[in-house]
Amino acid sequence: MTSATILPQTTSPAAMIRTLGLIAALCGFIIVAAYQGTYDAVQENKRIAVERAVFKVIPTARSIVEYFATPAGSVTKVGAGDTAPVGSIKFYAAYDASDRLAGIAAEGVAKGYSDNVRILFAYDPASASISGFGLVAMRETPGIGDKILVDKDFLANFPLEAKLTDDLKKLAQAIVTVKHGSKTHSWEIDAITGATITSRAVGRAINDSAQLLLPRIVPNLTQLKEKS
Amino acid sequence: MNQTSAQTWDEFMEGIWRQNPLFVMVLGLCPALAVTVSAVNALSMGLATTFVLTCSCVLVSLLRKLIPKEVRIATYIVIIATFVTVVDYLIQAISLALYDALGAFIQLIVVNCIILGRAEAHASKNPLLPTLINALGMSAGFTLGLLALGSVREILGAGAFFGVALFGPDFQPWVVMVLPPGGFFVLGAWLLIFAAIARRKQKKLAEITQNA
Amino acid sequence: MSIEIRSAPHIKGTRSVEQIMRHVVWSLLPVCAFFVFQYGLSALLSLLVVTVSCLLTERFFVRQGGQSGDIGDFSAIITGLLLALSLPPGFPLWMGAVAGIVAIALGKALFGGIGFNVFNPALIGRAFVQAAFPQAIATYTPSFMPGRFYEFIPSSMTIPLMQPVSVVEWLQARQFDALAGATPLAKWKFEGVLANADDLLTSLSGHMAVGPSPVLILVCGAYLAFRRFLDWRIPAAILGSAGLTAWMLFALNDVRFPNPFFMLFSGGLILGAVYMATDMATSPVTPKGMWVYGALIGLLTVIIRYYSGLPEGVMYAILIANAATPLIEKITQPTPFGKGVLSNLGRQKKGASYPLHSGYISREDAGAVTPKKRFLFNKPKHPPKE
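Chains as they are written, first to last, in the working numbering: chain A, 1 to 228; chain B, 1 to 212; chain C, 1 to 386.
It should be emphasised that the hints constitute simulated quantities derived from the structure, not laboratory data. Idealized CB from N, CA, C, for every residue including glycine. Wrong hints could be hidden among the right ones.
Lysine-lysine pairs mimicking DSS-like chemistry, simulated, CA-CA at most 30 angstroms apart [claimed, not checked]:
1. C/K189 / A/K152
2. A/K152 / A/K183
3. A/K163 / A/K152
4. A/K111 / C/K187
5. A/K183 / C/K189
6. A/K152 / C/K187
7. A/K183 / C/K187
8. A/K179 / C/K187
9. A/K225 / A/K46
10. A/K179 / C/K189
11. A/K56 / A/K111
12. A/K183 / A/K56
13. A/K169 / A/K147
14. C/K187 / A/K147
15. A/K183 / A/K169
16. A/K77 / A/K163
17. A/K152 / A/K77
18. A/K56 / A/K90
19. A/K147 / C/K189
20. C/K330 / A/K111
21. A/K56 / A/K152
22. A/K46 / A/K147
23. A/K227 / A/K56
24. A/K56 / A/K225
25. A/K90 / A/K169
26. A/K179 / A/K111
27. A/K163 / A/K90
28. A/K56 / A/K147
29. A/K179 / A/K77
30. A/K90 / A/K147
Estimated spans, in silico, between C-beta atoms of each pair [said to hold, decoys possible]:
31. B/K204 / C/F226: 50 to 56 angstroms
32. A/S74 / B/C113: 51 to 57 angstroms
33. B/V26 / A/A128: 57 to 63 angstroms
34. B/M13 / A/D146: 38 to 44 angstroms
Okay, chain A solo, but in the shape it has when bound (with noise of 0.2 angstroms):
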C-alpha cells in the first residue's frame, strides 16, 4: 500500500497484480472445494434422474446401461468418466428384473412453439417400436403444450411403427404428425387440436433420432440382449 498522504492515491501495479492474484487463487480454493465436495452427490442425482427418466417410459425396466452408438455402427459401454467419441449418440439400454433387455431409450430434441422440446423415447426392439415418450425438458405455453402428456387420444397414437428398410439403413416409414382425425398409419402421430406445434415437435424430435440411431443399434441387438 502507499502512503495514504499522496494525492490522488494510486496503487503500485505489482500490488494490484499480488491482490489480485490473491483472491484469485482464494477463489479458485473454494471453488474447486464445492465441485469436490458435491461431486458425488450430483453425480448420484443426475444417475437417478436418468433412471427415472428412462424407467417411466419403460415401466418393465428395472436397471439400465449407458451406450454410445458410434458412427461406424457399433455400440460401445460407457464407462465412468468415458468422454463420448465424436459423432456418437448416447442411449439407454434398459432391462428388466432378470437382466434381459427391455427396451432402448434415448433423446430426441425439436422445435416447438417457444423453444426446443427434448423429449426422452422409448425403442421396443420385439415389435420395432415406439412404445412412449417422456419429456425432458420444454417451455411450451402451460395448458396448451403440455397437453402432449396427457391428452388420451395423443398418447393412443404410442407404439408406434419403427421398421427399418431391409438394408437397415433408415426407416422404412418416416414417422410423421398429420392433422388431428387424419392418421390412417401406424406410423403417423395424430396432433392434438390446439397444440399442433407442439404435436409436431414430438414427431419430428422422435423421427430425427431414430433415423440416426436406430441403424446404428439393430445390427447390434444381440450385443445388447442380456445385461453385460
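Given the coordinates of chain A, work out where chains B and C should sit on it, guided by the hints.
For chains B and C alone, kept in the frame of chain A given last:
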C-alpha cells in the same frame, strides 16, 4: 449494550422494509419475474441469493483493506462469481429438478445488481459485523419479496401453495399467472400496495409533526 | 381553496362528458336487450354482474382519490356493458367480475381515470381474461335455446375460482352436439364451414353462437354518429379497410379465404368498430388520423383472423391501434390555414411572418413572474437521517 442491539435490529429491518431490494429499490427484477412461478422456486432462488450475498459481502468486508480501489469492481465480481459457482454446485447436489426449474437464473445471480450494490456501497466500507447484518437483512427482504410474488402466482396460477393443492381438483388455473405477463401484474400489484402503505405512513407522520 | 389544473383548450363546449356517455349508454340499451333476447337469463345476469363489478371498482378508485372523474359520468357503465357484450353469454359470472375489475383497475384507474387511459378499458379486461382463462372464453353456446328465459346456461353459475361447469351434457339433453356452441368464425377456421351473410346480418336464424345483430349495432351507431356523439370516420375506415383487405384476398384465392361479407359481419368486428374503437380517449382526434387508425384496425383484424392461431382478432387489433394512436396523431397534424405545402413553395422560412407591434413589451421587460409549478402536493420527503 441494549442500544446497540436495537441498532442492529434496525439495520436488519432496513433491508426488509425501508430499503427492501425488490419493492422499494426495485432491483433484481430478472429473477424476480422469471423464476417466481411457484413458491418453492421463489424460496430457493431467495435462499441461493442469500447465500451468495452474505458470503460475498463477508469476504469483501474482510478483504476491504487489501483490495486496491482501482480494481475493486473486478475483484467483487470474481468473489461473487465464485460463490455463484458454489451455489450452482450445491443446488445440483440437492435437487436436479430444482436446478432445472431455476435454469440459467442461478448463474445469472452473478449479475444481480443487489449483490454488487451491497458489496460496493456497504461491505467495502464497514467491518464484518455490520456488513453481515446488513447483508442478511437485504437477503431476507429479497427472499420475502420473491416469496410474496411466488405465492400469489402459485395460488392463482396453479391453485396450490408450496405444491399443496388449496382448492381441490376443480380449480380453474389463471394461465396468465404462470406466464411472463403474470409476473409483471403481480409485481405491479405489490409495488402499489407498498407505495400506498408508505404514503399513508407519511401522511400520519406529517400530521403528528404538524400537531407538535 | 382548490384550483383545478387543466390543459388547453379552455373553451367550454356545450356538451359535458356525462351527456355524451349517457347517450352512448342509451344507444347501447337496444343492443343489450337483443343480447338478452338471444341468450336469456344468463346474458342478463352477465351484463349486470360485469357492469356492477366495473362500477364498484370505479367507486373504490374514485373514493381513494388520485384520479379525475366521478362515478356519475356513466363511463364505467359503458365499459361494463361493452365488456359483457364481448364475452360469451355463458361465461362464468365470477370470471366476468374479474374481467370487470381488471378493466377498470388496470385499464383506467392506473392511468389516472377517465380521459387518461391509453387503451380501451373494456378490451383490457377482455384481454386479461382471454390470457387467464383461454378455454372458458372460447366456449360459446347456441342462441335462442328453448327455455332460455327460465334457466341459466350451466357454466354461468360456476362456483368462484372453480372450473366452468361443462355445457356438453346440457347441450346433449337438448339435442345439440358439442360443436353447436362454436362461433361462425371458429367453425370457419377449424372446420371450413362458412355461415350465410344474411344469417349473420340479423343474428336471428337458427341457433348460431353469435353476438347481437350487426344491423342493430349499425343502426344504434348511426344514431350516435348522426347526433355527433361518435365520429363516423373511424367505423367507416375500419369496415372499409377490413372489407377491402378481405375482398382482395378473396379475389386472389376464393377457396382458402372466405368472402368479405363473412369477414365483416362475423365475430365482434361491427361491435368493435362502432363502439370500442371510437372511444374518445383512445382514438386519434385528427380527421386524417382517424382514417389511418381505422385502416390499421381493419387490416390487423383480417390478418390476425387469417394467419394466427386465434379465430378472432378484433380485440388485439384495436389494442394495437390504441397504442399507435399518439404516433398517428403526431404524423397527421392538420396544417394550419395559410401554412400548406403549396403556399410555402419558393418562400424562405422565417421566424415570424408578421411585424412586431411597436408597442409590444416582452414578458421580461414587463417583469412578469411565472409562478412555480406545484403539481406534487404530497411530494415524498426524504426520510430523516439518523
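How the hints compare with the structure:
About 24 angstroms separates the Cα atoms of C/K189 and A/K152, which keeps this hinted pair within 30 angstroms; it holds. A distance of roughly 15 angstroms separates the Cα atoms of A/K152 and A/K183; the hinted pair therefore holds under the 30 angstroms criterion. Between A/K163 and A/K152, the direct Cα distance comes to roughly 24 angstroms. Compliance with the 30 angstroms bound is thereby established for this hinted pair. A threshold of 30 angstroms between alpha carbons decides the hint, and for A/K111 with C/K187 the separation of about 29 angstroms falls inside it, so the pair holds.
As the CA atoms of A/K183 and C/K189 are separated by approximately 20 angstroms, the hinted pair is consistent with the 30 angstroms bound. Restraint check: the Cα-Cα separation between A/K152 and C/K187 comes to about 24 angstroms, which is no more than 30 angstroms; the hinted pair holds. The straight-line distance between the Cα atoms of A/K183 and C/K187 is roughly 22 angstroms, inside the 30 angstroms bound, and the hint therefore holds. Our distance criterion of 30 angstroms between C-alpha atoms is met by A/K179 and C/K187, whose separation comes to about 16 angstroms.
Distance hint between A/K225 and A/K46 is fulfilled; the C-alpha atoms sit about 25 angstroms from each other, no more than 30 angstroms. Simply put, A/K179 and C/K189 have alpha-carbon atoms about 14 angstroms apart, close enough for the 30 angstroms limit, and the pair holds. For a cut-off of 30 angstroms, the pair hint linking A/K56 to A/K111 stands: about 23 angstroms separates their Cα positions. Only pairs whose Cα atoms come within 30 angstroms are accepted, and A/K183 paired with A/K56 is accepted, the gap being roughly 26 angstroms.
At most 30 angstroms may separate the alpha-carbon atoms for a hinted pair to count; A/K169 and A/K147 exceed this at roughly 34 angstroms. Taken as a hint, the C/K187 and A/K147 pair is honoured in the structure, with Cα atoms around 22 angstroms apart against an allowance of 30 angstroms. Simply put, A/K183 and A/K169 have alpha-carbon atoms about 26 angstroms apart, close enough for the 30 angstroms limit, and the pair holds. Between the alpha carbons of A/K77 and A/K163 the distance comes to roughly 24 angstroms, so the proposed pair stays at or under 30 angstroms and holds.
A threshold of 30 angstroms between alpha carbons decides the hint, and for A/K152 with A/K77 the separation of about 36 angstroms lies outside it, so the pair is violated. For the hint linking A/K56 to A/K90, the alpha-carbon distance of about 18 angstroms falls within 30 angstroms, and the restraint holds. Only pairs whose Cα atoms come within 30 angstroms are accepted, and A/K147 paired with C/K189 is accepted, the gap being roughly 21 angstroms. Annotation: proposed proximity of C/K330 to A/K111 is violated, straight-line Cα distance about 41 angstroms (limit 30 angstroms).
A hinted pair counts as satisfied when its Cα atoms are at most 30 angstroms apart, and A/K56 with A/K152 qualifies at roughly 17 angstroms. With a CA separation close to 27 angstroms, the supplied pair A/K46 and A/K147 stays within the 30 angstroms bound. For the hint pairing A/K227 with A/K56, the CA-to-CA distance comes to about 19 angstroms; that is within 30 angstroms, so the pair holds. For the given pair, A/K56 sits about 20 angstroms from A/K225 by alpha-carbon distance, which is consistent with the 30 angstroms threshold.
This hinted pair checks out: A/K90 and A/K169 have alpha carbons roughly 19 angstroms apart, not beyond 30 angstroms. The hinted pair formed by A/K179 and A/K111 meets the criterion: a straight-line CA distance of about 18 angstroms does not exceed 30 angstroms. Our distance criterion of 30 angstroms between C-alpha atoms is met by A/K163 and A/K90, whose separation comes to about 21 angstroms. Our distance criterion of 30 angstroms between C-alpha atoms is met by A/K56 and A/K147, whose separation comes to about 18 angstroms.
Taking the CA atoms of A/K179 and A/K77, the gap is about 40 angstroms. The hint is violated against a cut of 30 angstroms. At most 30 angstroms may separate the alpha-carbon atoms for a hinted pair to count; A/K90 and A/K147 meet this at roughly 28 angstroms. Roughly 55 angstroms separates the CB atoms of B/K204 and C/F226, a value that falls within the hinted 50 to 56 angstroms. For the pair A/S74 and B/C113, the beta carbons lie near 52 angstroms from each other, so the given range of 51 to 57 angstroms is met.
For the pair B/V26 and A/A128, the supplied restraint of 57 to 63 angstroms holds, since their beta-carbon distance comes to about 58 angstroms. Under the hint 38 to 44 angstroms, the C-beta atoms of B/M13 and A/D146, about 42 angstroms apart, fit the expected range.
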